[in-house]
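Each chain is listed here by its residues.
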Amino acid sequence: GDSVTQMEGPVTLSEEAFLTINCTYTATGYPSLFWYVQYPGEGLQLLLKATKADDKGSNKGFEATYRKETTSFHLEKGSVQVSDSAVYFCALGHYNQGGKLIFGQGTELSVKP
Amino acid sequence: DTEVTQTPKHLVMGMTNKKSLKCEQHMGHRAMYWYKQKAKKPPELMFVYSYEKLSINESVPSRFSPECPNSSLLNLHLHALQPEDSALYLCASSQPPGGVLEKLFFGSGTQLSVL
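Line by line, the protein sequences give chains A and B. Residues 1 to 113 (my numbering) are what the first sequence spells out, left to right. Residues 1001 to 1115 (my numbering) are what the second sequence spells out, left to right.
Hints were generated in silico from the structure; no laboratory data involved. This structure is a prediction, so every number in the text was calculated from the model and none was measured. Among the clues, some could well be false.
What the hints assert, rightly or not - Mimicking SDA-like on lysine to any residue, the simulated pairs with C-alpha atoms at most 20 Å apart in a straight line are:
#1 A/Lys56 / A/Ala27
#2 A/Lys100 / B/Met1013
#3 B/Lys1041 / B/Asn1075
#4 B/Lys1040 / A/Lys68
#5 A/Lys60 / A/Leu46
#6 B/Lys1036 / A/Ala27
#7 A/Lys56 / B/Lys1053
#8 A/Lys68 / A/Gly1
#9 B/Lys1053 / A/Asn96
#10 B/Lys1038 / A/Ala27
#11 B/Lys1009 / A/Leu109
#12 A/Lys100 / B/Asn1075
Claimed, not checked - Here's a subset of chain B near chain A, in silico, CB distances under 10 Å, partners left out:
#13 Phe1064
#14 Ser1065
#15 Cys1068
As the list claims (entries may be wrong) - Restraint-style ranges between C-beta atoms, simulated for each label pair:
#16 B/Tyr1051 / A/Lys112: 40 to 50 Å
#17 B/Thr1016 / A/Asp54: 52 to 62 Å
#18 A/Arg67 / B/Ser1020: 38 to 48 Å
Don't be surprised by glycine CBs; every beta carbon is placed ideally from N, CA and C.
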């Protein structure tokens, strides 16, 4: 079945450092790919998405490119802030599966001043 | 209004109690979801309603009973829960999937403790 694998955390960075969180997937067909973020005490928020190969999703300085050849969707940000501290989830879904998302295990990011 | 509102935010219940979780959205979304999330784990899908009809039940035990009274409301009725059911319960909504999978809007969740 489909699956998503993320790099394990926690990841600790200093403010203004470069961020990469790796995400790879196994799926049949052509899934849509997502990054969701969960701040402490809150639900998940969509950070960005890509619906087909070579699409780049971007939002709030974060970017991820849908790479079908490497089955990857790595999250990057050039300069993190303390306010980016959260748990990040990579996810995939197929439009013909009723909105069901398959999430990776999550990567906790802690940014220090 | 781009919010999904869940009540209560916290709930403590005994194993013999009956309680309900409530979820409301006014974005006109016709798909609504219940997820369960254990600490430091990803959300696990429980149920999906599409156009007020149950479309996905991920083999959830019958002590969890979902209900969708109308297009804006989603309930989760709880009865005879076990301590291992303690978790954060998240509600989400979206437009029903068409050619592209729509994003989910999540509520802040109900933190449930079963004693």
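Tested hints:
1. Under the criterion of a C-alpha separation no larger than 20 Å, the hint pairing A/Lys56 with A/Ala27 is consistent with the structure, at around 19 Å.
2. Proximity of A/Lys100 to B/Met1013 is assessed by CA-CA distance (about 29 Å); at most 20 Å being required, the pair is judged violated.
3. Restraint check for B/Lys1041 and B/Asn1075: not satisfied, since their Cα atoms lie roughly 23 Å apart, outside the 20 Å limit.
4. Distance restraint check for B/Lys1040 and A/Lys68: the Cα-Cα separation of roughly 29 Å exceeds the 20 Å cut-off, and the hinted pair is therefore not satisfied.
5. A C-alpha spacing of about 11 Å is found between A/Lys60 and A/Leu46, which places the hinted pair at or below 20 Å, so the restraint holds.
6. Distance restraint check for B/Lys1036 and A/Ala27: the Cα-Cα separation of roughly 23 Å exceeds the 20 Å cut-off, and the hinted pair is therefore not satisfied.
7. For the suggested pair A/Lys56 and B/Lys1053, the alpha carbons sit about 34 Å apart, so the restraint of at most 20 Å is broken.
8. With a C-alpha separation of about 17 Å, the suggested pairing of A/Lys68 with A/Gly1 holds against the 20 Å cut-off.
9. At most 20 Å may separate the alpha-carbon atoms for a hinted pair to count; B/Lys1053 and A/Asn96 meet this at roughly 16 Å.
10. This hinted pair does not check out: B/Lys1038 and A/Ala27 have alpha carbons roughly 25 Å apart, beyond 20 Å.
11. The hinted pair formed by B/Lys1009 and A/Leu109 fails the criterion: a straight-line CA distance of about 25 Å is larger than 20 Å.
12. For the proposed pair A/Lys100 and B/Asn1075, the alpha carbon gap of about 19 Å is at most 20 Å, so the pair holds.
13. This hint is violated: B/Phe1064 has a C-beta 17 Å from the nearest C-beta of chain A, more than the 10 Å allowed.
14. Proximity of B/Ser1065 to chain A is violated relative to the hint, the smallest CB-CB distance being about 20 Å (cut-off 10 Å).
15. Because the beta carbon of B/Cys1068 sits about 14 Å from the nearest beta carbon in chain A, more than 10 Å, this interface hint is broken.
16. Distance hint for B/Tyr1051 and A/Lys112: a CB-CB separation of about 47 Å, consistent with the stated range 40 to 50 Å.
17. Distance hint check for B/Thr1016 and A/Asp54: the Cβ-Cβ separation is about 55 Å, which falls inside the suggested range of 52 to 62 Å.
18. Range check, A/Arg67 to B/Ser1020: about 44 Å between beta-carbon atoms, so the 38 to 48 Å window is met.
Hints 2, 3, 4, 6, 7, 10, 11, 13, 14 and 15 from the earlier list are contradicted by this structure; the remaining hints agree with it.
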